[in-house]
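These protein sequence lines are chains A and B, in that order. The first sequence begins at 1 in the numbering used here and counts up by one. The second sequence begins at 282 in the numbering used here and counts up by one.
Source of the hints: derived by calculation from the structure; they are not laboratory data. Think of the CB as a built atom: it goes at the ideal place given N, C-alpha and C, for glycine as much as any other residue. Keep in mind that the hints are not guaranteed to be accurate.
Using 25 Å as the maximum straight-line C-alpha spacing, the simulated SDA-like pairs for lysine to any residue come out as follows [unchecked claim]:
#1 A:Lys131 to A:Asp163
#2 A:Lys149 to B:Ile501
#3 B:Lys360 to A:Leu132
#4 A:Lys110 to B:Lys294
#5 B:Lys298 to A:Asp163
#6 B:Lys298 to A:Leu132
#7 A:Lys126 to A:Leu92
#8 A:Lys74 to B:Thr362
#9 A:Lys149 to B:Ala283
Chain B regions said to be covered by chain A (calculated; three or more residues, Cβ under 8 Å) [what the hints assert, rightly or not]:
#10 289-296
#11 354-363
#12 369-383
Each chain is listed here by its residues.
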Amino acid sequence: MSAILSMQAIRKEFKQHVALQKVTFQVEQGEIFGFLGPSGAGKTTTIKLLTGQLRPTSGELRVMGESQDGSIRKLTNQIGLLSDTSGVYERLSVYDNMALFADIHGVDYKEIPLLLEKVGIAEHAKKEAKKLSRGMRQRLMIARSILHKPRLLFLDEPTSSLDPANTLEIHRLLRQLNREGTTIFLTTHNMDEADKLCHRVAFLNAGEVVELGVPAELKLKYSDRSVKVILEGEPEPLYIRNDAEGGSKLKGWMETGKVRAVHSMEPNLETIFLNLTGREL
Amino acid sequence: MALSMRHIRAIFKKECKEFGKNPNILFMCALPLLFAVLYSSIFDENFPKGDLLTLCVGTSLTMVTCFVIAMLIAEEKEKQTLRTLMLSAVSPVEFFVGKGLFTLLVSTVLNAIIFFLVGIDASLYGIFLLLTTLVCLTMLELGAMIGMIAQNQMATGVVGMPIVLVFFMVPMFAELNPVMTKIAWFLPNYHMNVLMKQAIDGTAFGSDGLLRVGAIVLWILVGAGLFAVVYRRNGIDR
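The following block holds chain A by itself, in its conformation from the complex (with noise of 0.2 Å):
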């Protein structure tokens, strides 16, 4: 794999504000990339100069091989992106919507059914954007961000607002656009979120990069190394360790046919976040 974007010891300051300071990492062509992090951490900023809203104070950026010196911009028609802030135009049926945006990257009409079809809204392509559910809405985004077949697609907290059905009908539409081969950079505050979806996380606490790799990696480097032991007769679990001496007393219950149940004790994003940064997400 090639990295289709990176960071390199990159700084953001807004005045006397620091919201990004020695931001480095790189993600790879083909993966779902999971950059966590708590509100006001510094991932929309992120966003915003990986897409050339911004530029950095200091530091290195490239995506696609484009550095920060504004030829980023260049790459909109290979870029996709869905902020929490982006609109749609109300009074248009999402038909039309969609319309627009092929009418600017130049794409076939033609397209408009099989992708409304794609992500589940066909039904309502005549109706006005402004009559969607929530989640019918955040569809028709993702559907308009990714009309052009982009290379590459940011989506920035795509399911913060929405309810756990539609979440999962987001997660299966965003795991099969990866399958398809597009690259995706996803910001979210959601922990098991990220565990489901991504290839690999960043945690992002006040502006720094604290910790980077493979989710369930994570999990294990961050593990106690105890197992939680459900024995017949008792009341309460028992913990015991991961080493000889837990290994023999476990030996010995299973000997016996005490045990009912052993379950390791990985720990999830959500408390290495909270052990890493000391703060709650």
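With chain A held as given, fit chain B onto it using these hints.
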């Protein structure tokens, strides 16, 4: 800087699709037509047609040409669609040209309806079209500046109304006293009014006609300069 006709056409087409569904814009467009019908029926035949025409066209230029583009720009900011457009490879210039062409088309159609409603000799339409188009350009620049400064559609009224009132009222009362006439000399639509009245009265363009056209053209150039300053200071979407 290369302009994409495809992008301009897309913005223009979108505005045409939304036109009939936008009550704010429809109301603004209806105002000068209502005035034209109203004034034509309440003023008798002795009332100078030139005054009637310039009164109604003055409403159209300020309330439609200037305000419509301001509202269209402010609405894009308010509804957060502007950034999406900017990130879809539409440049600010393409955005302004697309909106401007639509507003110019609407204004031209309205002005033509007013021209014929008031009952001006059709042979003067050519000169009328030329003069109103030139002044429309100044109003578009002014409206685009108001749209850039205002954060939402409501704010276009707060930001724009004082400016627009000057452009509407001063030429209307320019002949009432010399001070107003002097102030009116600095406004492009005043010169349009004078030239149009001269054309209707059959005095053709007076000796100062060229100077007045020059003043309108100068306004277009100064307006473009001011627009560039406001754009640099404010940006399109900050």
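Now the hints, each set against the structure:
no.	hint	result
1	A:Lys131 to A:Asp163	holds, 18 Å
2	A:Lys149 to B:Ile501	violated, 41 Å
3	B:Lys360 to A:Leu132	holds, 15 Å
4	A:Lys110 to B:Lys294	holds, 18 Å
5	B:Lys298 to A:Asp163	violated, 32 Å
6	B:Lys298 to A:Leu132	holds, 19 Å
7	A:Lys126 to A:Leu92	holds, 9 Å
8	A:Lys74 to B:Thr362	holds, 20 Å
9	A:Lys149 to B:Ala283	holds, 24 Å
10	289-296	holds (count 4)
11	354-363	holds (count 3)
12	369-383	holds (count 3)
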